[in-house]
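Asks: Protein chains in written order, with UniProt numbering: chain X, 1 to 309; chain B, 1 to 317.
Please note: incorrect hints may appear among the correct ones.
[Unchecked claim] Derived DSSO-like pairs: lysine-lysine, alpha-carbon spacing no greater than 27 Å straight-line:
1) Lys311/B with Lys130/X
2) Lys125/X with Lys18/B
3) Lys132/X with Lys19/B
4) Lys6/B with Lys18/X
5) Lys100/X with Lys19/B
6) Lys6/B with Lys132/X
7) Lys18/B with Lys132/X
8) Lys100/X with Lys273/B
9) Lys79/X with Lys18/X
10) Lys311/B with Lys74/X
11) Lys311/B with Lys56/X
12) Lys70/X with Lys6/B
13) Lys18/B with Lys100/X
14) Lys125/X with Lys19/B
15) Lys6/B with Lys130/X
16) Lys115/X with Lys6/B
17) Lys311/B with Lys12/X
18) Lys70/X with Lys18/B
19) Lys10/X with Lys311/B
20) Lys74/X with Lys19/B
21) Lys18/B with Lys115/X
[Stated by the list, open to error] To list a few chain X residues with every Cβ distance to chain B over 10 Å, as calculated:
22) Glu59
23) Ile77
24) Asn86
25) Arg104
26) Gly163
Honestly, the hints are just simulated from the structure, not real lab data.
In this text, a Cβ means the ideal position worked out from N, Cα and C, and glycines have one as well.
Here's the letter readout for the chains.
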Amino acid sequence: MSTPALELLKVKKTIRNKEIIKGLDFTVNKGEVFGFIGPNGAGKTTTIRMIVGLMKLTEGDIRILGNSIKSNFKGAIEKVGAIVENPELYPYMTGWQNLKHYARMFPNITDERIKEVVSIVKMEKPIHQKVKRYSLGMRQRLGIAQAILHKPAVLILDEPTNGLDPAGIREIRQYIRKLAKEEEIAVIISSHLLSEIEQMCDRIGIIKNGELIAIQDVHESNEGEQKTNNVPILLDAHPIEKAEEIIQTTFQIEVQKREGFLSFQSEREQIPSIIQSLVQQDISIYQVATSKTTLEDKFFDLIGENTIE
Amino acid sequence: MSNFLKLIYNEVLKIFIKKSTWIMFALLAIILVGFAFLNNTLVEEYTKDNWKDKLHQENMELQKELDEAKEGSDDFFKEFALSEIERNNYHIEHDIMPLQNGAWSFAHDGSTILGLVSMFTIIIAAGIVANEFNHGTIKLLLIRPIQRSTILLSKYLTVLLFGLFTTIILLFLSLGIGAIFFGIEEMPQIVLEQQDGFTHVSLIKETILKYSYYFVNVIIFATLAFMISVLFRSNALAIGVSIFLLLTGGAIVQFLSDREWAKYILFANTNLKQYANGSPPFEGMTLSFSITVLAVYYLIFITLTWFSFTKRDVAGT
Ligand SMILES: Nc1ncnc2c1ncn2[C@@H]1O[C@H](COP(=O)(O)OP(=O)(O)OP(=O)(O)O)[C@@H](O)[C@H]1O
Ligand SMILES: [Mg+2]
C-alpha cells in the first residue's frame, strides 16, 4: 500500500490549559475526498491550522505523504494547498496580482499555469479587478485558485462552500471530484453543513468537542441500508386505523403514526404482499415511500445537542 | 530571479502598489518646494565681490553691540556674538565665501527633514507584518515551502531598503529642487565649529555624511517599529509608540540627563555624527561606546522579533 496522503497521529492541541483537540487520529488516502464535519467550535479550523503548520501541535504528529509537518515543514507543506477559514487575499491588488504574488513563492509556476487555474475557477472576467470589489463567492473562487496553483497532493478547504451560490457549489463539487479522480489529489473539506458536501465526499469524519466521534463511508452507508432486512416505509392510506390494524395483526409488524402517515419497517420482499392485502381489504393507498435515513439524521443522532463549551 | 529576491520583490510590490506610499514621496517634494520658496525670499545674498566687506561690516556691528552690552549681562548673546565674529574671520582668512543658496547647501539644509524619512520608514515597518495579520493574508503567506524566518528576513530587509531608498530620494529631491531654484554651486565649502575651533570641509562631503549618519537613526527606529508590530501584531500601536519615541527621544534624554545611566538610553546614542563634529550629551561617551549600546539594543530587538514571529501560533484572526 502506498503512503497515505495525510495522516494525523494522536494529534492534540491545548490552548491556555484548555484541551481543544483531544487526540485526532485519521488518514486520508490519495484520490479520496474526506469531509470534515462538525458544529461550530468543534475544532475543524484548529485542526486545519495544525495541518498547514500555522499552529504547533501540543502532542502527536501530522504527516503529508510521509513528511512530518514538525520535522520537515518544507517537504510537507510544498504538497499542500489550502484555504483556512475565509479566503483572505490582498484587497488592494487584482486577482491576477494576488495569484502572481503567491506564484512567486514557489520555484516555477508559469503564467500559463496561472491562466489555467483562473479558467478552472471560471474567473477570467474579473481577474484584473481589485479584490476589494469582489463578492464573497468570487473571493472563494480566487482562494481555491491560489490553493491549487502549485498542483498540491493534498488540498485542504475550510468551508469552501461558504458564500457560494448553488451553481457555484455544484461547480466546486464537480471540480473537486475531478481533481480527486484524475490527479489523485486527497481533498479535505470542512463544513458544518453536511448536505452541502455529502455528495462530493467519499468519507465523512464527524468531529465534536475536539474528538472524532465517527467516520462514515458515504456510499456504503446508503447502499448498506438498502440491503438490510429492515426498510423504513412510509404509507399514506385511508382509512388509516384499519390499515394500521391489518399490518400489525397480519404481518406482526410494529406500526407508528407520524404526521398522517403510517411508519414501519419491513423486509423488502414483503412489501408487495403488504400492499396487496391492504388493497384486498378495501384500503385506499395514496402513497408508499421508502424513507432513507440520511446521513443528516445520523449526523444529528451522533452529535445531539450542540453545546458550545 | 532567485527565490529570495522574489520574496523581496513581493514585499516591495505590496508597498508601492498602495497610493499612501506615493503620498509620502509627494509630501517630501511639496515640503522641499515650500522651503525653496521661503529661501528665495528670506535669505540675503552675498556676492563674489562684496562678501568680505559684508562680513567685516557684520563683525563691526557685532563688536559695537558687544561693547555696549553691560558687564555680566546676557552671557548667551556675548557667546554667540564672539563665536560669530570668529567664524566670519575664519571665512575671510581662508577665503571661503559663506554658503550661498544652491543645490548642495539646499540639500544640506534639507537634512533637517530627515526625521520624516524615519517617520515614513516607521509607518512601512509597522505595517509590513501587522497588515498581513489584519487582512488575514498571513495564513496564505506562511503555508508556502518557505521557512518563517526567511519570510521575516525578506520583510525586514525590505523595510531597510525602503529607508535607504527614501533617504536617497530626499537627497536627490533636495538637490534637484535646489538646482532648479538656485543652480548648482562650484566646489562649495562649509565652515564647521568644533571643540577646538573652526575648520572647513567640502559641503558635498559634509552633506553626504549627514545623510549617511542619519541612516543609523532610520535603521534603529525601523527595527523598533518592526519589533512592536510583530510582538503585538498591531500596526497602530507600532506606529504610535515609535513615532512618539522618535519625537520625544531627545527630550527624554535631556530630562534624565542628571542620571548616571541616562547615557545608556537608546536615543542618547543614535546620533553618531556627534562624535565627528559636535559634542556628545554625556561626559565620557565615545563612538565605540555608542556603537556597543546600539548593538545591544539592536540584538535584543531582532531576537525578540525573530522568536515572536517564528515560534508563535497564528491563531484566530
Ligand atoms: N486562539 C484561541 N484561543 C483560545 N481558544 C481558541 C482559539 N482558537 C480557537 N479556540 C477554541 O477552539 C475551539 C475550536 O475552534 P475552531 O475554530 O477550530 O472551530 P470550528 O470547528 O472551525 O468552528 P466553526 O464551524 O465555527 O468554524 C473553540 O472552542 C474555540 O473557542
Ligand atoms: Mg472554522
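Asks: For each hint, tell me whether it holds in the structure or not.
Replies: A quick look at each hint next to the structure:
no., hint, in the structure
1, Lys311/B with Lys130/X, "33 Å, violated"
2, Lys125/X with Lys18/B, "23 Å, holds"
3, Lys132/X with Lys19/B, "15 Å, holds"
4, Lys6/B with Lys18/X, "40 Å, violated"
5, Lys100/X with Lys19/B, "20 Å, holds"
6, Lys6/B with Lys132/X, "24 Å, holds"
7, Lys18/B with Lys132/X, "13 Å, holds"
8, Lys100/X with Lys273/B, "44 Å, violated"
9, Lys79/X with Lys18/X, "31 Å, violated"
10, Lys311/B with Lys74/X, "16 Å, holds"
11, Lys311/B with Lys56/X, "8 Å, holds"
12, Lys70/X with Lys6/B, "26 Å, holds"
13, Lys18/B with Lys100/X, "17 Å, holds"
14, Lys125/X with Lys19/B, "25 Å, holds"
15, Lys6/B with Lys130/X, "22 Å, holds"
16, Lys115/X with Lys6/B, "20 Å, holds"
17, Lys311/B with Lys12/X, "18 Å, holds"
18, Lys70/X with Lys18/B, "36 Å, violated"
19, Lys10/X with Lys311/B, "22 Å, holds"
20, Lys74/X with Lys19/B, "35 Å, violated"
21, Lys18/B with Lys115/X, "25 Å, holds"
22, Glu59, "15 Å, holds"
23, Ile77, "5 Å, violated"
24, Asn86, "7 Å, violated"
25, Arg104, "4 Å, violated"
26, Gly163, "15 Å, holds"
Checked against the numbered hints listed earlier, the structure breaks hints 1, 4, 8, 9, 18, 20, 23, 24, 25; every other hint is satisfied.
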